Amino acid sequence: MERKYPSSHFSLLNHTQLERVLAWRNKPHIRQNMHQQDTIRLQQHLAWFENLTNDPTRVFFVMEQNERPIGVLNFTLKSENPLTLEWGCYLGEDDVWPGSGLLLEIAALEFAFTQTNAERLYAEVLSFNTSVLKLHKLFNYTPLEDGDIISRSGISHTVKRFEYTRIQWLTSKDELLARLPKQIAQAAHNISFENEIEFFKRDAPSPTAKRDNEQDD
Amino acid sequence: MTDLRDTILDSMRQVALISDCTLVDNIDDDTVLLQSGLDSLGFAMLVAQLEEEFNVDPFSEMELAVYPRTLGEFVSAYQSALQPSE
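Heads up: the protein sequence lines correspond to chains X and L, in order.
The numbers in this note's numbering rise by one with no breaks, and the one at position 41 of the first sequence is 41.
The numbers in this note's numbering rise by one with no breaks, and the one at position 67 of the second sequence is 67.
Here chain X stands alone, though its shape is the one from the complex (with noise of 0.2 Å):
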């Protein structure tokens, strides 16, 4: 039988996903997770919207499956040199393909490392999110010092900081995808990402650098 693995396309937020954007972060299974866990308000969505959209450090895509749009994955310049970038993410809707949640690990890296000229990827995860620290370990991140420690609820969590390098990824891809369930395998060739996104692209001038040219004239 044809095997029908779903795709995973990758598109800019615009103004037309903001309110169920909005939804999904309001979530209380993912505001938990979230370093700022308060209910956001429309208008704090659309003013964090409007300076998203000026900055050329950071890009939110919503991930779409089937066409379907069901989480989102951002990315934040963190340092210039070596150019890394944080990067975050999440499912907002209940009923995906079973193993959504790799397909968006794996997207991270795909885009990080084949569409920009990061030489790193950093992330933060909270210490009770053992679902992402299970898959960082999986994937070889490599754990960093610990960050900040915060507290909920009267209780202390860690912030726990892990890295990925480029060469990394790039030795190491095929090895680690034969090493996941085959299905989710299969269904990494289905992610793509929206095209024309000067997003510190490989072989273009950093964002921040022509942003501080302009500056300078």
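To be clear, the hints were calculated from the coordinates, so they are not data collected in a lab.
Note that the structure is a prediction, hence the values are computed from the model and not measured.
Don't take each hint at face value.
[To be verified] Short derived list, chain X residues pointing at chain L, Cβ under 7 Å:
id	residue
1	Y5
2	D95
3	L102
4	I184
[What the hints assert, rightly or not] Derived DEER-like restraints, expressed as beta-carbon distance ranges:
id	chain 1	residue 1	chain 2	residue 2	range
5	L	R13	X	P82	36 to 46 Å
6	X	R3	L	D29	25 to 35 Å
7	X	M34	L	N26	45 to 55 Å
8	X	D55	L	L9	20 to 30 Å
9	L	L9	X	E124	29 to 39 Å
10	X	N190	L	V32	35 to 45 Å
11	L	N26	X	E67	27 to 37 Å
Ideal Cβ placement from N, Cα and C applies to all residues, glycine included.
Given the coordinates of chain X, work out where chain L should sit on it, guided by the hints.
Showing chain L alone in chain X's frame:
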């Protein structure tokens, strides 16, 4: 249907053990999969294990408009995939 559900639940327990997940108590047909205690890796492993058991992966062999949200919908997907074609 009950046998199928029991087989799937047994597999969930096995995968939870292997993948260091803790399933919630009292899982029933209305349990939302993403809140069952099994994580994304666990569900991927479960689907792979069930493919070995039943020789079918309904999520990669059927044109599904949406994927299952609850355990009941998950079991139904396998039930449909395992029905002999007319």
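The hints, checked one at a time:
1. Y5: Holds, because the Cβ-Cβ distance from Y5/X to chain L comes to roughly 6 Å (cut-off 7 Å).
2. D95: OK, holds: D95/X within 7 Å of chain L, min 4 Å.
3. L102: Interface hint status for L102/X: holds (5 Å vs cutoff 7 Å).
4. I184: 5 Å, holds
5. R13/L x P82/X: 36 to 46 Å: 45 Å, holds
6. R3/X x D29/L: 25 to 35 Å: Hint holds: Cβ distance 28 Å, inside 25 to 35 Å.
7. M34/X x N26/L: 45 to 55 Å: Check failed, 29 Å falls outside 45 to 55 Å.
8. D55/X x L9/L: 20 to 30 Å: 47 Å, violated
9. L9/L x E124/X: 29 to 39 Å: 35 Å, holds
10. N190/X x V32/L: 35 to 45 Å: Violated, since N190/X and V32/L (Cβ atoms, about 25 Å apart) do not stay within the stated range.
11. N26/L x E67/X: 27 to 37 Å: 36 Å, holds
Checked against the numbered hints above, the structure breaks hints 7, 8 and 10 and satisfies the rest.
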